[in-house]
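Protein chains in written order, with this note's numbering: chain A, 1 to 112; chain B, 1 to 112; chain C, 1 to 112; chain D, 1 to 112; chain E, 1 to 112; chain F, 1 to 112; chain G, 1 to 112; chain H, 1 to 112; chain I, 1 to 112; chain J, 1 to 112.
Hints in this document: simulated from the structure, not taken from any laboratory.
Heads up, a few of these hints could be off.
Said to hold, decoys possible - SDA-like cross-link-like pairs, simulated, lysine to any residue; straight-line CA separation at most 20 Å:
#, chain 1, residue 1, chain 2, residue 2
1, I, 48, I, 83
2, D, 31, E, 49
3, H, 54, H, 23
4, E, 54, B, 97
5, F, 95, I, 10
6, C, 57, D, 29
Number of protein chains: 10
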Amino acid sequence: MIDIETFENPHPKRDFVILHVAPEFTSVCPKTGQPDFGTIEIEYVADKVCVELKSLKFYLQSFRNEGVFYEDIVNRILDDLVAALAPRRMKVTGKFTPRGGMHSVVTAEHPE
Amino acid sequence: MIDIETFENPHPKRDFVILHVAPEFTSVCPKTGQPDFGTIEIEYVADKVCVELKSLKFYLQSFRNEGVFYEDIVNRILDDLVAALAPRRMKVTGKFTPRGGMHSVVTAEHPE
Amino acid sequence: MIDIETFENPHPKRDFVILHVAPEFTSVCPKTGQPDFGTIEIEYVADKVCVELKSLKFYLQSFRNEGVFYEDIVNRILDDLVAALAPRRMKVTGKFTPRGGMHSVVTAEHPE
Amino acid sequence: MIDIETFENPHPKRDFVILHVAPEFTSVCPKTGQPDFGTIEIEYVADKVCVELKSLKFYLQSFRNEGVFYEDIVNRILDDLVAALAPRRMKVTGKFTPRGGMHSVVTAEHPE
Amino acid sequence: MIDIETFENPHPKRDFVILHVAPEFTSVCPKTGQPDFGTIEIEYVADKVCVELKSLKFYLQSFRNEGVFYEDIVNRILDDLVAALAPRRMKVTGKFTPRGGMHSVVTAEHPE
Amino acid sequence: MIDIETFENPHPKRDFVILHVAPEFTSVCPKTGQPDFGTIEIEYVADKVCVELKSLKFYLQSFRNEGVFYEDIVNRILDDLVAALAPRRMKVTGKFTPRGGMHSVVTAEHPE
Amino acid sequence: MIDIETFENPHPKRDFVILHVAPEFTSVCPKTGQPDFGTIEIEYVADKVCVELKSLKFYLQSFRNEGVFYEDIVNRILDDLVAALAPRRMKVTGKFTPRGGMHSVVTAEHPE
Amino acid sequence: MIDIETFENPHPKRDFVILHVAPEFTSVCPKTGQPDFGTIEIEYVADKVCVELKSLKFYLQSFRNEGVFYEDIVNRILDDLVAALAPRRMKVTGKFTPRGGMHSVVTAEHPE
Amino acid sequence: MIDIETFENPHPKRDFVILHVAPEFTSVCPKTGQPDFGTIEIEYVADKVCVELKSLKFYLQSFRNEGVFYEDIVNRILDDLVAALAPRRMKVTGKFTPRGGMHSVVTAEHPE
Amino acid sequence: MIDIETFENPHPKRDFVILHVAPEFTSVCPKTGQPDFGTIEIEYVADKVCVELKSLKFYLQSFRNEGVFYEDIVNRILDDLVAALAPRRMKVTGKFTPRGGMHSVVTAEHPE
Numbered sequence: 001m002i003d004i005e006t007f008e009n010p011h012p013k014r015d016f017v018i019l020h021v022a023p024e025f026t027s028v029c030p031k032t033g034q035p036d037f038g039t040i041e042i043e044y045v046a047d048k049v050c051v052e053l054k055s056l057k058f059y060l061q062s063f064r065n066e067g068v069f070y071e072d073i074v075n076r077i078l079d080d081l082v083a084a085l086a087p088r089r090m091k092v093t094g095k096f097t098p099r100g101g102m103h104s105v106v107t108a109e110h111p112e
Numbered sequence: 001m002i003d004i005e006t007f008e009n010p011h012p013k014r015d016f017v018i019l020h021v022a023p024e025f026t027s028v029c030p031k032t033g034q035p036d037f038g039t040i041e042i043e044y045v046a047d048k049v050c051v052e053l054k055s056l057k058f059y060l061q062s063f064r065n066e067g068v069f070y071e072d073i074v075n076r077i078l079d080d081l082v083a084a085l086a087p088r089r090m091k092v093t094g095k096f097t098p099r100g101g102m103h104s105v106v107t108a109e110h111p112e
Numbered sequence: 001m002i003d004i005e006t007f008e009n010p011h012p013k014r015d016f017v018i019l020h021v022a023p024e025f026t027s028v029c030p031k032t033g034q035p036d037f038g039t040i041e042i043e044y045v046a047d048k049v050c051v052e053l054k055s056l057k058f059y060l061q062s063f064r065n066e067g068v069f070y071e072d073i074v075n076r077i078l079d080d081l082v083a084a085l086a087p088r089r090m091k092v093t094g095k096f097t098p099r100g101g102m103h104s105v106v107t108a109e110h111p112e
Numbered sequence: 001m002i003d004i005e006t007f008e009n010p011h012p013k014r015d016f017v018i019l020h021v022a023p024e025f026t027s028v029c030p031k032t033g034q035p036d037f038g039t040i041e042i043e044y045v046a047d048k049v050c051v052e053l054k055s056l057k058f059y060l061q062s063f064r065n066e067g068v069f070y071e072d073i074v075n076r077i078l079d080d081l082v083a084a085l086a087p088r089r090m091k092v093t094g095k096f097t098p099r100g101g102m103h104s105v106v107t108a109e110h111p112e
Numbered sequence: 001m002i003d004i005e006t007f008e009n010p011h012p013k014r015d016f017v018i019l020h021v022a023p024e025f026t027s028v029c030p031k032t033g034q035p036d037f038g039t040i041e042i043e044y045v046a047d048k049v050c051v052e053l054k055s056l057k058f059y060l061q062s063f064r065n066e067g068v069f070y071e072d073i074v075n076r077i078l079d080d081l082v083a084a085l086a087p088r089r090m091k092v093t094g095k096f097t098p099r100g101g102m103h104s105v106v107t108a109e110h111p112e
Numbered sequence: 001m002i003d004i005e006t007f008e009n010p011h012p013k014r015d016f017v018i019l020h021v022a023p024e025f026t027s028v029c030p031k032t033g034q035p036d037f038g039t040i041e042i043e044y045v046a047d048k049v050c051v052e053l054k055s056l057k058f059y060l061q062s063f064r065n066e067g068v069f070y071e072d073i074v075n076r077i078l079d080d081l082v083a084a085l086a087p088r089r090m091k092v093t094g095k096f097t098p099r100g101g102m103h104s105v106v107t108a109e110h111p112e
Numbered sequence: 001m002i003d004i005e006t007f008e009n010p011h012p013k014r015d016f017v018i019l020h021v022a023p024e025f026t027s028v029c030p031k032t033g034q035p036d037f038g039t040i041e042i043e044y045v046a047d048k049v050c051v052e053l054k055s056l057k058f059y060l061q062s063f064r065n066e067g068v069f070y071e072d073i074v075n076r077i078l079d080d081l082v083a084a085l086a087p088r089r090m091k092v093t094g095k096f097t098p099r100g101g102m103h104s105v106v107t108a109e110h111p112e
Numbered sequence: 001m002i003d004i005e006t007f008e009n010p011h012p013k014r015d016f017v018i019l020h021v022a023p024e025f026t027s028v029c030p031k032t033g034q035p036d037f038g039t040i041e042i043e044y045v046a047d048k049v050c051v052e053l054k055s056l057k058f059y060l061q062s063f064r065n066e067g068v069f070y071e072d073i074v075n076r077i078l079d080d081l082v083a084a085l086a087p088r089r090m091k092v093t094g095k096f097t098p099r100g101g102m103h104s105v106v107t108a109e110h111p112e
Numbered sequence: 001m002i003d004i005e006t007f008e009n010p011h012p013k014r015d016f017v018i019l020h021v022a023p024e025f026t027s028v029c030p031k032t033g034q035p036d037f038g039t040i041e042i043e044y045v046a047d048k049v050c051v052e053l054k055s056l057k058f059y060l061q062s063f064r065n066e067g068v069f070y071e072d073i074v075n076r077i078l079d080d081l082v083a084a085l086a087p088r089r090m091k092v093t094g095k096f097t098p099r100g101g102m103h104s105v106v107t108a109e110h111p112e
Numbered sequence: 001m002i003d004i005e006t007f008e009n010p011h012p013k014r015d016f017v018i019l020h021v022a023p024e025f026t027s028v029c030p031k032t033g034q035p036d037f038g039t040i041e042i043e044y045v046a047d048k049v050c051v052e053l054k055s056l057k058f059y060l061q062s063f064r065n066e067g068v069f070y071e072d073i074v075n076r077i078l079d080d081l082v083a084a085l086a087p088r089r090m091k092v093t094g095k096f097t098p099r100g101g102m103h104s105v106v107t108a109e110h111p112e
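My request is simple: use the sequences and hints to build the entire structure.
Structure (structure tokens):
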């Protein structure tokens, strides 16, 4: 896995909210081999560290040629970022473009 | 009834939310025999299984030539999906296009 | 008053929400005699019966040549529909087009 | 027919364009007796006179309880206003709300 | 084929434009058997007759269970309506919903 | 001060919500003498009386040539209307257009 | 009349287009004494001079308490600016907010 | 290169316009190695053949891991499709997402 | 640091909400030296004093040539304004434009 | 002046259109010393060379602390890019944010 780099939270005494929105997410459908597209939103309250933006971009790009279901993508990003940042709380949302006339949104939070 | 296929929930330890939006729903008005059109939204928290997307599409298409009222459509979809998935919770919304200058939205949840 | 027809609630065991949106409402201002225009939204949880759509349309049309204030319209529609349907709950909203550079929205609920 | 009042064009030496947009038009369908709704747009270059706004409003209201087809409404408004104003040119557009799942737009110009 | 009914053009001396927009069009993909969805726009200048709206609705509904390509749908609607109405000119546009991540628009005119 | 006229609340037994939106508000900046512009929204639950619309319009127009700060406008309108209507509750919002590249929104409620 | 100040066109050899959009225009209806509101758009190709923005703002503010018809406002602004700037060409558009359920747009150009 | 499949033009006697919009285009920046994203629009008048949609999708996907500049992408797609379809005319547009705070649109036509 | 000027709260007995939205914020990325852009929203309940708008504008402009991270900007603005105004509560939000295909929003509140 | 770098036009035989949109433009008002903000759009047909995007970004950033009028900005960007690229044709548009309640758009083309 691509390393997720962090930097020290500049205001750790305050619970403040950071949201990164990445509309250029793409992966591959494990069933059809066809590319999937979507927007990933990551909202969190940092504890000791914040995620570095360039490193987050590279991490999300690591899904580009990987076969993975929507439900899996969102939970794996949440697990990986929770492991790297140990945030006070985090929510990951994936909004995927239409397939077969339907579009899908998956949302996972830590802690629940 | 069309079988609703499922696959194993890849992250059953976490309550995460899945939303599928199907804007190409059509059925037939039981009173006039005229086609009705609408968008069906299915939001749920999976327990042991998730709904497979292609099978969901075929299930929704099974209403195409069936005569059924708005209030019935939404409750029947909820009943069928609850029976097939046994989700922790589920909400089904039907947003129907204008008839006689009025449009309608019907929403049902399980458990209430 | 126009009769409001109903049909048997097909899923009375579940509290589900029905919304009808009627953007073609018109009545007459009792002060100026000029026509008023607006959108009426009716949201309710049915108990034993649901409102039949065509009959609802005719009921709303019965205001077409009647002189009545905004505040009255919304409360009268709520009273008439509560009398006809005995719903578990109901909210009526009237959104009226600008008059004298101002537009107005009136909302009433049963029970409060 | 309601009289269409006019006032003297304050700048007759210049060809300038006047557009009035009336989104609160309603008439009655001659086939079904049901009310129709739409927006009427009147764009013209005045010659000797301009149309007075309040009088235009009353003229458009005169269709409120009259049975008339979309194609007729637009042509009749054009004929009546051309007769009253003798404009250098005029275009009338009617944009009608959906009936049977379709909406319609009719446009007529003078001179063609 | 469903008959396309017409009524006499009420203003044949003037070239005026009629547009009907039907957002509830559906047919079947001849390759996959899956339903297709789209909006059909019909813009024309009537000569002797106009198309009757209810009959146009039934005509468009006749494609509901027919297997036909996008390029064919638009040209066939144009051919059928030109045959029925002999309009001075007509343009038919089909705007179809996404399939495989792409959406399509087809436009044909008579005479070219 | 302009008198704020009222009429008897036609449904005093029910707590229902009335919203008037006035997008044509203008006053004068007390510092620069330049005109300010904004939208005033008044939302309230009437008790014994409702505000008469024409009188509300004249009341809001009385600020047209008066020098007053944003924070003052909203609180004064709230105070004046509470004095005139004795509503069960009321919220006044002023949304002002950009000045120096910033726009402002002020909201006050009674009772808090 | 307020003086309209100008500054030397910095690129007189090229025909380039300048558009100023003033959404905070207000005047008074000469018939009812009520305030009118609208957006004034001024598009021109400068010749020797350009209009100075602050002075343009003061000029437009000079209509604030003046009774004048829509058709007059646009033509007078065009006349005044043509007199002050002698532009190669100029178009003035006034887009006014709804009165009596209708809104209006007036456009004048020099030279025609 | 991926083969671009075609099917026989069903209405070759008429010049009609086909537009395919592909919002899920991605390639790689040849300078930075970073992925680029955009929407490709292909508008053409078919002569003997039309492009088959699934094959067009695969052709556009062939850029997924290829390093190529915006200006090149659009011209190469145009060249490849002109070679495969020999259309009467064709226009290709690429609308790319922001890079360095700027977004870009490139358009090429055949014949010019 | 630029002084933040204040004026006496004209209605200190009431908790009312003031929102200033500044869409023209710019600073410099401390890592790349490239300019960053965003919108700063400041929402607060005043206690003894309100912030003077022109002084707020100058304060926000003081970031124009300063190298500072998104997470820092929002917390520093909150700290500075809390120090200057001692508000009953305050929320600062920074919405920044896309960098590397992602945009970010940071929100901090006092007291938490 | 910052150097504007170019690269060889990859398809010089075809007249194709390139549009770059830069919404993060800022300069300084020469009269007030206050920052101005806007969007610069550059549309051109390349001849021998295309503008390199990063270099264009740096060129536009060179206005950041420079005092210059709207009318000047657009003409100077056009002059500088025409000198650097010798394009077959080019249009530069500047869309500036509101000042004093008015916003402005300036457009210049080469050759006229």
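Tested hints:
1. 48/I x 83/I: Since the Cα atoms of residue 48/I and residue 83/I sit roughly 13 Å apart, the hinted pair holds (cutoff 20 Å).
2. 31/D x 49/E: holds (17 Å)
3. 54/H x 23/H: Judged against 20 Å, a Cα distance of about 15 Å means the pair holds.
4. 54/E x 97/B: Holds. Residue 54/E to residue 97/B sits at ~17 Å (cutoff 20 Å).
5. 95/F x 10/I: holds (18 Å)
6. 57/C x 29/D: Measuring from Cα to Cα gives roughly 15 Å; hence the hint holds.
Consistency with the previously given hints is maintained throughout, with no hint failing.
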